[in-house]
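J.: Here are the chains, one letter per residue:
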Amino acid sequence: MLLSVVRRDPRWLLLALNALPVTAAGLLLPTALASAVDMALAGRLDGGTVLWLVGLAGVEVLGDAIGVVLAASITARGAAWLRRRLTEHLLALGHPARFEAGDAVSRLTGDSGIAGGVAVLVVDLGISALTAAGAVTALALLDWRLAVVFLLSVPLAALLVRSHLRLTAADVATYQEVSGELSARLVDAVGGLRTIAASGRADQEAERVLRPLPRLSAAGVGMWHTQARMIWRAGLLLPAVELAVLTAAGFGVVAGRLSVGDVLATLGYVALGMGVVGQATLLTALQRARASAERLEEVLSTPVPPTGFPGYAASGEVELSGVSVPGALHDVDLTVPAGAFVAVVGRSGSGKSALAAVIGGLARPSAGRVRRGGSVGYAFERPALVGTTVADAVRYGTSLDHDDVVAACRAAQVHDVVVRLPEGYRTPMSAAPMSGGEAQRLGLARAFVRDPAVLVLDDATASLDMVTESTVERAVESALPGRTRVVVTHRAATARRADFVVWLDDGRVRAVGPHADLWDDDEYRAVFG
Amino acid sequence: MAYLRALREQRRGIVVLLGWSVLEGVPALLSGRLVGLAVDRGFAAGRPWVGVGWLLVLAAVAVLGGFGLRQVFMRLGAVIEPLRDALVREVVRGVLHAGSHTRQPDASAVARITRHVEVVRDATAGVLVQARALLVTTAAALVGLAATVSSLAWLVILPVIAALVLFGLLLPSLARGQRRLVMADEQAASVAGTAFLGVRDVVAVGGSGHALRDVMAQVDRQASATVRMAFATALRGVVIALGGFAPLVLLLLSAPGMVRAGTLTTGEVLGAVVYLSTSVQPALRGLADTTSTVVLRLVVALRRLAEAAPPIAPVGGDAVPDGYEVGLRGVTFGWSASAEPVVRSLDLVLPEGSHLAVVGPSGIGKSTLAGLVTGLVEPQAGVVCFGGVPVRSVVPEVRHERIALVPQETYLFTGTVRENLALFAPSASDAALLEAVAAVGASDLVARLGGLAGTVGHAGGGLSGGEAQLLAAARVYASAADVVILDEATSSLDPAAEAVVEQAFAARGGTLIVIAHRLSSALRADLVLLMDGGPPLLGSHTDLLATSALYRDLMAAWQPTPIAR
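Those sequence lines, one after another, are chains A and B.
Okay, so the first sequence: first residue is 1 according to the working numbering, each after it adds one.
Okay, so the second sequence: first residue is 530 according to the working numbering, each after it adds one.
There may be inaccurate statements among the hints.
[Unchecked claim] Just some of the chain A residues that point at chain B, by a computed CB distance under 10 Å:
{"id": "1", "residue": "Gly48"}
{"id": "2", "residue": "Asp64"}
{"id": "3", "residue": "Leu91"}
{"id": "4", "residue": "Thr195"}
{"id": "5", "residue": "Leu216"}
{"id": "6", "residue": "Ala228"}
{"id": "7", "residue": "Leu282"}
{"id": "8", "residue": "Leu283"}
{"id": "9", "residue": "Ala285"}
{"id": "10", "residue": "Leu286"}
{"id": "11", "residue": "Gln287"}
{"id": "12", "residue": "Arg288"}
{"id": "13", "residue": "Arg290"}
{"id": "14", "residue": "Ala291"}
{"id": "15", "residue": "Ala379"}
[To be verified] With the Cβ distance kept under 7 Å, some of the chain B side facing chain A (calculated, not the full set):
{"id": "16", "residue": "Val639"}
{"id": "17", "residue": "Phe696"}
{"id": "18", "residue": "Ala718"}
{"id": "19", "residue": "Ala835"}
{"id": "20", "residue": "Thr903"}
{"id": "21", "residue": "Phe942"}
{"id": "22", "residue": "Ala976"}
{"id": "23", "residue": "Gly994"}
Hint data in this document are derived by calculation from the structure and do not stem from the laboratory.
Idealized CB from N, CA, C, for every residue including glycine.
Pulled out of the complex, with its shape left as it was, chain A reads as follows:
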């Protein structure tokens, strides 16, 4: 997975090519500075020496700038590519979602971004190693003793940095727990916002939400104190190493092995070498990139169910033979003639929605055959209205024009609601205050606008009052005459209007017939509560 990201965009080579002269310039700068200082101390002004210094600095500065842009662009392109693959695959996996939506979003925004930056990370890691090796070599070239002293102090450095990573678990856990408690309280209060607004109790309720705040503060202070103890040790690291190497360099000056400028060069290389310690985070980052890649792989390796379902039948007809869905339907046979109005009833958990789902092509039966003639318009009890604006949500997945959308909304008795929204049909979905019943009617409009041969309404009018429901029914009969309708319902009135009723019980067809005929059965009447 990570390899494919690296291979896809070969610009990491450019990044590495750009980084090489930058690294070289960085490694040469301390010696260039040393000879420039020695030149100055000798009272000479040598244009070549100064130009060399300026040139090296220029290469470093420019190269860094190019590197920043290049790295961002490589990461952005890699992440975008991963995001496209992920989105395509998640959508192809379809319903029921194998990955929870919040989790999927975190894989899309978080993991893809991290895994997309892997090429840059690898280049950075290589350059870091190169810089460290270069710095130690340069120290050895100045005086082998310097390199020895430096290398001896590195294990100490590693030890101190490791201890920095330990944080007091108790305070962190408390902090997170209290934050969660605060959020939960705020969510409670937000749920009752109308009550709070109408009773003018915003201030008092804010205090109630904020009751755990002192505990949060205490945990936070504890975290800072722990950090203070750690920072203090870590902060002494660089000076300690610097002093050790400086002392060695001082003796080198006394012995005549080193010039005064070389002392400066020594300081420079120590800083470069120590810089690598800070780059230890790159290894952690690489680890994270691998973990992220695994999380992406987990999605991408989930097999996509085959398409081409349901099978074909004469226009408007629906035919099920021996259909089973594990845990929901058992060996269901059903034939719905074109243009029929069928009500599907049964206690909750009897398999009504599963029946709607196999007819609508949303669920694939584990056994049996489903055939359906023509397109389907599918509406739900709780529709998820995806789309940017109200009009977009209705015409989602089609390229129908505004008039079609308005006609569908009229049939679903929701046009009057939409025109009262702040920007009418152009109101963004995120800014459209909507009740359950209103959302349901938009969901109906979304099913109607497709002009389907078969309508599958899975309890899609449950939140509507009966007047609105019957108005919708009449409107559908005039707007979409003669369409086959499979309607899951809890209402006796709806079942009464249907041509015939399919009564489901524990995943099996208990009976099929007109409502009036079934009504004599006590158990049938009990279905309607």
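Model the placement of chain B on the given structure of chain A, informed by the hints.
T.: What follows is chain B alone, placed relative to chain A:
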């Protein structure tokens, strides 16, 4: 602004913290000088132990600086945590006060807001630790530098200051870029979240292509925002690097002459270069790399917080109502000037003790009527009166106490049953609360919860929608309100339980307005308001049956008809 106000409140802590940071700056102030001395008096003079001595002084100074940093961190909690408290307070208050607006934040918005607060906390700490340390280091090193090579002071200091000023000028555009990036991230997460959450519907309507297109449009915006941000970052890096490097070159160009003239010693040149290369340059680079990122995160998070919790504008005046008659005259209201009005030219007078039912299809504006009567919503035209004075100019405490709204979505919080029931009547006796509970038919429920001392969890944990609505009804029953509005407040109850609640309120005295979920509510009311998008109709149930064909249709469709056997 809340953040700055909170910062000001912590100024004592900040001053103490800055005091300790002076100590932290000592190594930067003395490092070049001490290295210079070690070389001048020690190593270059052939007395290595003197040099080692000066280096040990440097070590002592470094320990001192480390101690300063430790003290800064110890004090950080005392500044940051109260600041975070103040922000959380402000945000919670802002969110809860925004209840009268039409938009309500959902759970994910709440989570996002909480994250912004944490960013502000971390970033403020970052500014106080890093930015402050880097500025202190730079300043101390510049002072040390100026003292070491006083004749060249301005030559080396001016480029640094110029770079810092330029960097400051770049900050606003960097902040804009960062903000674009954050918005693009949030937008991408939100669009993808909607699509993934609604994947059933996306698949059912064959909209996978549509969803992919929508998500990729956001992803591409995100990518281009990242690259644009990188250009700004690169520019910032160049400015800072030049500012750090230019003094070095200027120093090396002017030093030879001065060394020849004997006005500059070896140790001084060395010390100056040490200041520039080990203190000033790294500090400047740190300022550019980490600090500006931190500052940008801070600025962006603060702005997002301000948007999430807009300043509070209180509604109210000092008018005192006489009685509790409710009157609406020519009231018109729409969600925007261009949108079709939800309520148009409505006239309605409800004398004290009225019992009104509002019926009509859902979404036609019945809830808006509740907002108008409670004074939460301001009419575009006309006036809503309470006790003879405009409701929005009534003393807020009086208005809230005397008009109570029970909305469809209940408000229960974690705490005891008593706390939840006594929300509007804190001083009510247990007997009064239990009487209210019994009146609305919630006695069994409260007994099951363990009586008044029983507890309610988050989001009314463990209670069904109907049970939560019963508690909300009992709460308002126990209050002193003269006007009670039930806005589909019994929607999750079965018809029998709904009748018990409505009859209880009717017998309680005062004015009752029922925004009906079921038409049976109309049969129980003295007066019925029919809203169906056209001009509203008002009358008793029998009047309306006689005069309105629409009302007759409604009733006929609703009333159970005999089933053919």
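J.: Confirm or reject each hint.
T.: Evaluation of the provided hints:
1. Gly48: Violated, because the Cβ-Cβ distance from glycine 48 of chain A to chain B comes to roughly 13 Å (cut-off 10 Å).
2. Asp64: holds (6 Å)
3. Leu91: Hint holds; leucine 91 of chain A Cβ to chain B Cβ min 4 Å, cut 10 Å.
4. Thr195: holds (4 Å)
5. Leu216: Holds, about 8 Å.
6. Ala228: With a closest approach of 3 Å, the alanine 228 of chain A hint holds.
7. Leu282: violated (15 Å)
8. Leu283: The hint is violated - leucine 283 of chain A has no Cβ within 10 Å of chain B, the shortest such distance being about 19 Å.
9. Ala285: violated (16 Å)
10. Leu286: Because about 20 Å separates leucine 286 of chain A from the closest Cβ in chain B, which is outside the 10 Å limit, the hint is violated.
11. Gln287: Violated - the Cβ of glutamine 287 of chain A stays beyond 10 Å from chain B, reaching only about 22 Å at its closest.
12. Arg288: It is violated, given that the least Cβ distance between arginine 288 of chain A and chain B is near 18 Å, above 10 Å.
13. Arg290: Since the shortest Cβ distance to chain B is 22 Å, the answer is violated.
14. Ala291: violated (20 Å)
15. Ala379: It holds, given that the least Cβ distance between alanine 379 of chain A and chain B is near 9 Å, below 10 Å.
16. Val639: holds (5 Å)
17. Phe696: Hint on phenylalanine 696 of chain B: violated, closest Cβ of chain A at ~15 Å, above 7 Å.
18. Ala718: holds (5 Å)
19. Ala835: Since chain A brings no Cβ nearer than about 17 Å to alanine 835 of chain B, farther than 7 Å, the hint is violated.
20. Thr903: This interface hint holds because 5 Å falls under the 7 Å limit.
21. Phe942: holds (5 Å)
22. Ala976: violated (24 Å)
23. Gly994: violated (11 Å)
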